[in-house]
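Chains as they are written, first to last, in the working numbering: chain A, 1 to 289; chain B, 1 to 225; chain C, 1 to 262.
Keep in mind the hints are simulated off the structure, nothing from the lab. Fair warning: this is a prediction, and the values are worked out from it, not measured in the lab. Be a bit skeptical, because a hint or two may be false.
What the hints assert, rightly or not - Result set (DSBU-like, lysine-lysine): computed pairs, CA atoms no more than 35 angstroms apart in a straight line: (1) B:Lys65 / C:Lys35; (2) A:Lys239 / A:Lys33; (3) B:Lys30 / B:Lys65; (4) A:Lys33 / A:Lys233; (5) A:Lys68 / A:Lys129; (6) C:Lys35 / B:Lys30.
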Amino acid sequence: MERSSLPPAGSTENDHRHPGAKHRPPGDVRYGKGLRALSISTVGVMALALGLVFFYAPLEAEQGFLQKIFYVHVPLAIVALCGFVAGGLMAIQHLRTRDPRWDMRSYVAIHMSLIFAVGTLITGSIWAKGSWGHWWVWSEPTLVSFLIVFLLYATYQPLRFAIEDPERQARYASVFAITAGAFVPLNFIAVRLSSEYLHPRVLGSTSNLPAPMALTFLVSLLAMALLYTTLCKYELTAKHTRAQLRALRRQLAGEGADAQARRPRSAAPTALRQAATTMTARAVGRSGA
Amino acid sequence: MAALQLEGLARHYGERAALSDVSLSLDVGKTLVVFGPNGAGKTTLLRILATLLRPHAGNVSVLGKSLPEEGWAVRGRIGLLGHEPLLYRELTARENLRFHARLHGVGEERVQELLQAVAMTGRMNEPLRTLSRGMVQRVAVARATLHDPQLLLLDEPRANLDPAAIELIDPLVGAASERTRVISSHDPTGGLAEADVVLGLRAGRPALLRAACDVDPTEIAELYR
Amino acid sequence: MSAATGSPHGATPADAEAPPRGELTSGRAGAVTAKPPGMRTTVGVLLRKELLVELRTLESVPGMSLFAVTTFVVFHFALNRSSVDGDLAAGVLWVTLLFAAILGVNRLFVADADQGGFDGFLLAPVDRSALFVAKMLALLVYLVAFELVAIPAFALLLLGPPLGQALPGLLAVLALGDLGVAVIGTLVAALAVRTRARDLLGPLLALPLLVPIVIGGGRATSPLLTLNHPGALPGRWILTLALYDLVFGLIAYALFDFLLED
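Starting from the given sequences, assemble the full structure and let the hints guide the process.
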């Protein structure tokens, strides 16, 4: 019996076990769609932002040139935070629909946000050194909160890696992502409250900005958001392509190839083939019954 | 009336198919024996029927309820006896059974009844870690039948039991219990003797599915080749 | 209740007190009337089992108590102080409580995971969230129990100002803090127990999540333990702790089911 890992294009029948995934398209979801347009616009906006930062935004009175790192640091922070929360929301979708693609998206969102969080910490540290002479200051609640959030999300991948069953790995990771996503805002509030009477907040303060600075900031924020989205899309596309490649290889190797069971454990979801296998099993079941 | 109705049941583990395309039907009071080498999916099948695992594809109906949506409705009517006794080593036989009885809403007198039935009243107040494997298995049998389940799922139930004990538990989990049973077994002749329907699994797929009277022990041995 | 002879390999047909065949609930459904227990009963049954096992094994509470007292001694040497007050006292106390709690968290689900307890519970016709509530309450009991040792030890060994006046306020803060630790601890314990590095992942996951509790607890406790001008209990931190407990209590309760099923 001819078996295809990718269900035929016409088959849009949904597995009734996935109630939320009503119009799930056949396995080859086109993640790569629109990638080029997105990349070009990202590069464009980033170039614009850089131009504004260096040539348009005025020098700040107190801190001079160093203050310009604000245009990198704060957007990094905001995008990272939103990314963590988005990862939590995607995890909620994953638990609701049990569609492994949501888990993949959640994983990529958190993964990328973690990188941006590291960027936030580094740029914050540079600014602290420049402004106060220390590589780390406890008086900046944003920086402190980020450190805690970073330490929490740094356990995400070890957690995933420590669970072998891929389905359970995805489920536990989603529980973590939701908990951590709820934690982020609460943590910020708690840390803010605890250091209110120390230094006035300089780093994160975005109100009372003169117009040119506000404009530069907004463009930088947009650039950072686009960069994040593009990178996420790249990673999703790459993972998806690799999954398709593996599916094709399995097809070539023939059925009963338990070779894939010897694949090394991974922390990253390799979600796609579950959808493919599920639909294939049903197709075979229907035609074989 | 069908106690079990499976259509195209499938479950995967990552990229590997643990079970695929299992379809069968089992009437009330009948016994299904599942054969197959290790890793063939016998335990997976039993755990799905016990509502411990969700099916990933296909239709599963146990005692008239469809899984996994209505799993909660059948849980109290299924008894599972597997490799693990599912008992706490630090507690006594009586405490363990009482615990399970309360979780199932079953009364104390039933605990006594079963302790007597498996001949464990003498040592019912000693922690399980002081008892032999065979005794623990007997208490496990009591646990599995405490709530008088309509469906019994037995994963190699005779492991760790001596012949006297096997005879002892027969009215509870054996043919004489008159319950619907699904048994996973490695013993071709013995297993065949008590089966009404035989299912042979190989690498998760049904290689053999027939009424027991039509099956020859050699065919079962074939599965292991 | 007759006493059988109880030989090591038990049942010879002679002392098999099995009633004649066929009489023992021979497979007919409903021969035993079983009414599935409600939420409160289930939590009660589970909690009772937890405490019973803990009493038998004494795995958690004595260890946590001993750890706390030892940690106070370590702090004495590490800080090179004979008495602490104010912020320092609050800090030493909360750090010690936190790390002792982690010990309890690590052990919380181990017995269940290793002895097939999850399966046994999952087969019962009960609401699965009851396990979360029961385990959380059990952990809370362990925390209170070891604090009964740790707080007096702290007052004895390290605390400068007398405890008497501050005690009611301190107990209130501890109650809220313990609740938060119990909620987070149970969730994290369930998350970590069925992974390969369970002893490592538990603390790594729990500590960042517990930072707000340390912040709230420490800030609330500090004025109570000040040497010369003991202050009042700061309302804002009590509120923060209560809010944190509530939010994560709800989240953990909602998510726990997903950790149990397969």
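message = Going through the numbered hints above, which ones does this structure break? Give me the numbers in ascending order.
response = none
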